[in-house]
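Protein sequences, first through last, are from chains A and B.
With my numbering, the residue at position 377 of the first sequence is 377, and numbering never jumps.
With my numbering, the residue at position 336 of the second sequence is 336, and numbering never jumps.
Hints may be right or wrong, so weigh each one.
In silico lysine to aspartate or glutamate, EDC-like type, Cα no more than 20 angstroms apart, as pairs [what the hints assert, rightly or not]:
1. B/K85 to A/D122
2. A/K63 to B/E122
3. A/K78 to B/E117
4. B/K85 to A/E119
5. B/K318 to B/D292
6. B/K155 to A/E52
7. B/K92 to A/E141
8. B/K338 to B/E324
9. A/K214 to A/E141
10. B/K382 to B/E407
11. A/K15 to A/D4
12. A/K12 to B/E67
I should point out that these hints are in silico values taken from the structure, not numbers from a laboratory.
Bear in mind that the values here come from a model prediction, so they are computed numbers and not experimental data.
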Amino acid sequence: MSVDYLKELGNKAVKKALSLGVNDVAVMIHSGRRYMARFANNQITIIKHWNETNIGIRIRVGKKIVVGSTLNIAEVEKTVERLVSIAKYARENPLLTPLPEGPFKYTPVEKLYDKKVVEASDKIDELVERAISAALENGAERCAGQLSLGEGTRVLVTSTGVEASEQSTGISITVRAFADSEYSGTGVSCSRTLSSFNPEKAGEKAGKIARDSKNLRDIEPGKYDAVLDPLVAADLLGHVLGAATGLSVLMKSSFFTDKLGQKVGTDIVTIVDASREPDTLGARSFDDEGIPTQNTVVIEKGVLKSLLHNTMTAKAFKTNSTGNAGWIAPAPTVLKVLPGDFNEEELFREVKKGIYISNNWYTRFQNIREGIFSTVCRDGVFYIEDGEIKYAVKGLRIADSFLRLLNNIAALSKKLYHVHWWETPIPSWVPYVLVKEVNFTKTLF
Amino acid sequence: MEDLLEYAVSCAIEKGAKYAEARYQVSLSDHVSLVNGVPLGVGFSSAAGISVRVFTERGVGFAATNEMTRESIREIVEEAYKKAKVSEKLRKKPINLTEEEAYRVSYILHVKENPVEISLEEKLGELGEIDKSLLEIKVQLPSRSLHLITSLSEKIFHNSEGAMIYSKIPRVALFAMFIVNVPGKGTAMRWIQLGESGGWENYKRWDVVKRAVEEVKTIAKVLEEGTAPPKEPVDVILGPELVGIIVHESCGHPSELDRIWGREGAEAGESYMKIDMLGKRIGSDKVTIIDDPTIPNSYGFYLFDDEGVKARPRYLFKDGLINEFLMNREFAALLNKKSNAAARASRFDREPIVRMANTYMAPGDLTFEEMLREVKKGVYIKSFAEWNICDRRWYQRYGGLEAYYIENGEIKHPVRNPFIEFTTEGFYSKVEAVGKEVEFFAATCGKGNPMQGVPVWIGGPHVLIRNVKLSVAPPKISFTRPG
Numbered sequence: 001m002s003v004d005y006l007k008e009l010g011n012k013a014v015k016k017a018l019s020l021g022v023n024d025v026a027v028m029i030h031s032g033r034r035y036m037a038r039f040a041n042n043q044i045t046i047i048k049h050w051n052e053t054n055i056g057i058r059i060r061v062g063k064k065i066v067v068g069s070t071l072n073i074a075e076v077e078k079t080v081e082r083l084v085s086i087a088k089y090a091r092e093n094p095l096l097t098p099l100p101e102g103p104f105k106y107t108p109v110e111k112l113y114d115k116k117v118v119e120a121s122d123k124i125d126e127l128v129e130r131a132i133s134a135a136l137e138n139g140a141e142r143c144a145g146q147l148s149l150g151e152g153t154r155v156l157v158t159s160t161g162v163e164a165s166e167q168s169t170g171i172s173i174t175v176r177a178f179a180d181s182e183y184s185g186t187g188v189s190c191s192r193t194l195s196s197f198n199p200e201k202a203g204e205k206a207g208k209i210a211r212d213s214k215n216l217r218d219i220e221p222g223k224y225d226a227v228l229d230p231l232v233a234a235d236l237l238g239h240v241l242g243a244a245t246g247l248s249v250l251m252k253s254s255f256f257t258d259k260l261g262q263k264v265g266t267d268i269v270t271i272v273d274a275s276r277e278p279d280t281l282g283a284r285s286f287d288d289e290g291i292p293t294q295n296t297v298v299i300e301k302g303v304l305k306s307l308l309h310n311t312m313t314a315k316a317f318k319t320n321s322t323g324n325a326g327w328i329a330p331a332p333t334v335l336k337v338l339p340g341d342f343n344e345e346e347l348f349r350e351v352k353k354g355i356y357i358s359n360n361w362y363t364r365f366q367n368i369r370e371g372i373f374s375t376v377c378r379d380g381v382f383y384i385e386d387g388e389i390k391y392a393v394k395g396l397r398i399a400d401s402f403l404r405l406l407n408n409i410a411a412l413s414k415k416l417y418h419v420h421w422w423e424t425p426i427p428s429w430v431p432y433v434l435v436k437e438v439n440f441t442k443t444l445f
Numbered sequence: 001m002e003d004l005l006e007y008a009v010s011c012a013i014e015k016g017a018k019y020a021e022a023r024y025q026v027s028l029s030d031h032v033s034l035v036n037g038v039p040l041g042v043g044f045s046s047a048a049g050i051s052v053r054v055f056t057e058r059g060v061g062f063a064a065t066n067e068m069t070r071e072s073i074r075e076i077v078e079e080a081y082k083k084a085k086v087s088e089k090l091r092k093k094p095i096n097l098t099e100e101e102a103y104r105v106s107y108i109l110h111v112k113e114n115p116v117e118i119s120l121e122e123k124l125g126e127l128g129e130i131d132k133s134l135l136e137i138k139v140q141l142p143s144r145s146l147h148l149i150t151s152l153s154e155k156i157f158h159n160s161e162g163a164m165i166y167s168k169i170p171r172v173a174l175f176a177m178f179i180v181n182v183p184g185k186g187t188a189m190r191w192i193q194l195g196e197s198g199g200w201e202n203y204k205r206w207d208v209v210k211r212a213v214e215e216v217k218t219i220a221k222v223l224e225e226g227t228a229p230p231k232e233p234v235d236v237i238l239g240p241e242l243v244g245i246i247v248h249e250s251c252g253h254p255s256e257l258d259r260i261w262g263r264e265g266a267e268a269g270e271s272y273m274k275i276d277m278l279g280k281r282i283g284s285d286k287v288t289i290i291d292d293p294t295i296p297n298s299y300g301f302y303l304f305d306d307e308g309v310k311a312r313p314r315y316l317f318k319d320g321l322i323n324e325f326l327m328n329r330e331f332a333a334l335l336n337k338k339s340n341a342a343a344r345a346s347r348f349d350r351e352p353i354v355r356m357a358n359t360y361m362a363p364g365d366l367t368f369e370e371m372l373r374e375v376k377k378g379v380y381i382k383s384f385a386e387w388n389i390c391d392r393r394w395y396q397r398y399g400g401l402e403a404y405y406i407e408n409g410e411i412k413h414p415v416r417n418p419f420i421e422f423t424t425e426g427f428y429s430k431v432e433a434v435g436k437e438v439e440f441f442a443a444t445c446g447k448g449n450p451m452q453g454v455p456v457w458i459g460g461p462h463v464l465i466r467n468v469k470l471s472v473a474p475p476k477i478s479f480t481r482p483g
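The following block holds chain B by itself, in its conformation from the complex (with noise of 0.2 angstroms):
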């Protein structure tokens, strides 16, 4: 496969491009679905081919097949070629690239057992696990949703200054949703997705069936027991899950230099971000956000990004002010940085473009309980599951889920749907303690066109903020019947 690698990279530069990569990348997955009990499907998919991407002076190409063969390889590379030619007619200033180490090296994710090669059948009988459990427990769910998906991700990246990686690493996750109804109290949502890369031996850590018991409980308890939000300003406790989508929403994906260039304009959008705002106030001195491909067994894990840039964690805000943005060799090259290796791809046929890893808010000193004792009267939120944000990522909503009345200092009756929705300047700047233990959760994140879904983990610790107004649902409708 190298040998066809170095043969599209030639043929780029042979017609003339600056710069040309190729990418060989195999995602195998299988996946399995009980939906109600039911088994609707087993199934997998396999995508494997080659890209090639190449620059020329003022234009950048890319083409994708699924063709093996040089006859093939030479074909796309004509064509990217080609576009990028086309390309410069609409671009005035030539397109550099930053300076980067040429790395040639090999790195695969050793697992215990490979979560491909584990039988459907014993995939299936994990979910069937869970479900019995389900319906063991005496909470009415008209409907339960489970899918469990396992993936291999295999690549090859070799670009016209000499770099060889190749990277091999595997993934589990798994996705539930389910409805809760209680009767004369009506029904709530839950979603839950855990994901990491390694092996089946990270899934059986999990304690699936453990974890979507306690959740149904828990929810079944907050619209049996649920009352209304308070009116007045209160404290909020937001729960790691809560902080972990903030931070992906509001800091991450701002931080993509793409974006703040504009590039991801129509679809992603922009960013409140502008290139002179590094080093600017954006929240509390308590407000730290890292985003680290390298964290191990991270769903977002990686250690070359698609560019070939060797990875490390980026220090996105930094004691409350601006301090990195995600940057790829093309636009950190504006800035004249050095690229913090944020290419990504999510397949063969996907052009690299910034993504976050693994973005989450640094722990500060407190215990949760400590940070209960501050508060005199507030509400904890611990789950979510409404949530946007504009695509300038300003204006933010989150629908809580799971939720409870803070009393001093003591968690209290559950609350139903408290919706929190801030600008981010107004969350961060209020973020008052931070606690000390960081929780992680799994994501797929979207943006591109064609829309590419990365793994990621969110994350961070308890945090509060402190004297806010809180929202509540739109009332639910009554049905009008015919006649």
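Excised from the complex, chain A in its bound form (with noise of 0.2 angstroms):
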């Protein structure tokens, strides 16, 4: 659907909600073709495709928000009638605050999008098959994983002189390499242009760690230095970001409760939000509530100096919205970890006695409030000595807290990675990260 059209449409929904009284209004709507080739054993199970448009609306009467959202285009104006009706019986959200005032001016992020990716859904399956054929080339036996490409536009119409717009594209690929069922490794590549996009190299080490995960042993439980791979560092530092929300930490149901300005990690750990970062799934030049969006450094150097808001949580915090929103809670975007000093054979040499970590996946907290967890170790996992690695482990899982995990981050690659993934749904730009005395479980029966 063209542009013209997405923005008319907002705006007969922005006309609608103001003739019914409201205070203010923002329509967001989601236009996309999208596809998917998911694949197992070699072979593709299925490709997908979509084509689908949707509409969000939020509207505010007074101190109440209401907010709705339809697929049916058709429908735009009954959809605005539904939620002023609903908006007579919510009740008043003392937080709320009214729609920021545009128009704003927005600097568009740079390589957001890029027509060879939509071209390439005519050849998915030669992308698919150069993927599984750097992994077979590399060790593995067989193949499974997705690769998913396509174009969306983004369009914001606001009764307070919003009419913004972003296309963009992004493509992906996740390839689960196994030799043998129980070896395994992960490889990933996604960007928004097609030169970025490099399938064979997520093959190849997806490959490489299939195959030197066999002859798995088993390992004592207890305390290891780890090498986090940039799957899991972008797992683990994305749950960090998540827990410098506004409203997370507004609610108390962080581990960053009343830690603003406190020091919470080592002095070489420094997380970014990064919107604006060029050729990066999840980057953007407007948020929901039509504020430009910025690069916001949310641990500078290990101090909690930000947390990602949107108008609401800014002024419940009493600071300006980091263009983070979310009409109801302020989400983050892009992870960014500022690089460290260290190559990525250096960082394995300062392991005396350490585990390396390919992946990881099931995340869950025993207690959020204090960053209390545990994540299963995934894929190769693998004992180092000596800064070598020596052999494959099995049944680990990371059991600790995030607090501490920050606070013993002791080295960082040069190198950063774009990965991103079915378990990380934030994309993410992170090096190797090494943390000392990471505490590692197994089962005990």
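Put the two chains together into one complex; each comes in its own frame, and the hints tell you how they fit.
What follows is the structure, encoded as structure tokens:
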């Protein structure tokens, strides 16, 4: 659907809402065409295609907010009517703020759109085949995974002077290689442009880890220094960024509650919400309230410098929005961990007795307020001694606290990797991370 | 709407598909939230559209649209067919589907009060009552998060074999999270999810206020009086909530035949089960685990799956043996079996994949009191917070929340944060006694790419395991202040 048509649709909804007496209204439309090829046992199991438009509408009546979404373009005005009728019964939210007054000037994020990505939908099978071949050449026996690509348009129209639009593309692959059923490795590649996309690299990494995972040994649970692969760093530090949102801190359900301005990590830890990172999934030039995005330093040299805000949580903290709306809750966009001084070999050489974790999943909290969690090591997990990988190990999980983890980060690699897959919803730029004295557990019976 | 579905399927067959199906699905839901007493927002979502799934000799294509015009339907059918043909390039063997009866039926879960028609004012009032009651008890609750969601799922399924199935199922669900603080003792987090298929009357039956107040008081008591779990091996009684999550994670998921074949390998993972393990022993003869979509009022209720197959109870483990996999038509055909109706899709634009519905351990013959009397020294773990499992569904861990010492058959003082970490076989082979009464709990089960969350029940009776070691939570960090 054309941008002009979507804007017209947005304006129609805004006009309708104003005619029904709302104080302000925002309409966010996502329209896109996407493809996904899933594969398993070196074969494509299905190719899926979506052609969808979703319309989200937020109205404010006094201190009441009502939010609705529909996929039915013909029912936009009816949806507005329903929202307004619901507002009569809603209760006042004392924290609520008006929508920010626009218009705003937006600087486009670089490399957000690449026509070649869209054109690649005709060769989706070739891209998959290239990834699988690379994995097989590097030791895999079989591969599973997904390749997604597509284009989308985001249009925001508000009653406060915002009429913004942005077109983007995205492409990503996950390759999980298996060498026998117990030995596996995962590699990913993702970008907004086709030239930055490298399915072979994803396949190669997955294949090598699977190959090297053979001959699993048992190891005693306990404290080990841990080298986190970028996939693991993206998941764990993604939870750190998620804990730094204004609403979770305001509602005291974050391990960063009452810690703003305090030291929460070692001096080498600087974490940014990088909405404006070029050629990066998740990057965008305006948020859901129309505020221009920025790169927000959340943790600077170990100090919790800023939370992520929309206008509502910003007001509660007497600060400005960071461009992370979310109509109700602010949300992270892109996790970026600033690089360290080590090349990857040097970082491994720092480890006397430790574990390299190539991937993880299933991170869950025992207590989100205190940051106590565990996560399961997945794919290749390797014992390191005197800087060298010795052998693959099995059955481990990290069971620790996020605050201790941040306080024990000892080294970061120079190179950052763009990672995003099923388990890590926040697209990330992350290095290899060395954490001292991580607590590992394993099954007791 | 039936016309459009028939049009979609006939277009696909005309193009050369050997099988095609089309599904119209409307998912309506509304939600109200009250967080720390603040009504953060109310709202609704409506997702309606049509998807088609097209099978060629060796390929499968799926496409979805929310534009319900003939042109748009033709376009998605063409896309699905084209992509099915493309996928054939990387697929060697033909795809077969099981032969199943083509039903032409309609079923509606009749309710007294349609939950999506209850005013949001009344729903917010319900949450307000819970919050007010929580504030009246003398326990510090720095974080209280309450969400009430009502939904309606309406589907029409049609396939090229002539099936036409209409269904309409309303659901109600409540999510609550509390952080309880006892000064000098620390904090604890408790999550509750309640959910059923049915009307507003189901919600009213839950007595949520009483339940929330009791939960908070109990957690506060655990913080106040709880001591560390025993270091030596002890007998452990697991409550129905723990048993429910364990059977879901370590029996239900690994029984999904698509995982066993590797189809979900890159995301939800594979399985410790192999196709030749039917009939192999996995646990003691006390262990029978059933997945049953047909339980009335259950959160995972359905009578026909999203491939049109009639639902029935599936006996996944029977008397300690691996008995039956969860199957759809594609994967059952690989074993020369019939589908057991496990195909589910969460929305119109998601492909149907192999899923659980309501998974529970079958009851045994002991009352809880009789089970307690079996224990000289042990721990009773009633609820949990943290849990996770490896993607082959073998290594798992559960963080106990409400838990008590047992001494000479009696429940004593609370135990704080007893963790239990075991292998699947380690657990099931140690099941020595199973309680008489089954309890169910609501959950949202995740699988697929894109992720599909589907409503399920998990449950079971009390279970006794003997002579096992517990572990403890990682110690709390003392915080360094700046300067």
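Going through the hints against the structure:
1. At most 20 angstroms may separate the alpha-carbon atoms for a hinted pair to count; B/K85 and A/D122 meet this at roughly 12 angstroms.
2. Only pairs whose Cα atoms come within 20 angstroms are accepted, and A/K63 paired with B/E122 is accepted, the gap being roughly 19 angstroms.
3. Between A/K78 and B/E117 the alpha-carbon distance is near 16 angstroms, which keeps this suggested pair within the 20 angstroms criterion.
4. As the CA atoms of B/K85 and A/E119 are separated by approximately 18 angstroms, the hinted pair is consistent with the 20 angstroms bound.
5. With a C-alpha separation of about 14 angstroms, the suggested pairing of B/K318 with B/D292 holds against the 20 angstroms cut-off.
6. Pair hint B/K155 plus A/E52 holds up; C-alpha atoms about 19 angstroms apart against a cutoff of 20 angstroms.
7. About 16 angstroms separates the Cα atoms of B/K92 and A/E141, which keeps this hinted pair within 20 angstroms; it holds.
8. For the hint linking B/K338 to B/E324, the alpha-carbon distance of about 11 angstroms falls within 20 angstroms, and the restraint holds.
9. A distance of roughly 12 angstroms separates the Cα atoms of A/K214 and A/E141; the hinted pair therefore holds under the 20 angstroms criterion.
10. Restraint check for B/K382 and B/E407: satisfied, since their Cα atoms lie roughly 16 angstroms apart, inside the 20 angstroms limit.
11. Between A/K15 and A/D4 the alpha-carbon distance is near 16 angstroms, which keeps this suggested pair within the 20 angstroms criterion.
12. Between A/K12 and B/E67 the CA atoms are separated by roughly 19 angstroms; this keeps the pair inside 20 angstroms, and the hint holds.
When each numbered hint is compared with the structure, no violation occurs for any of them.
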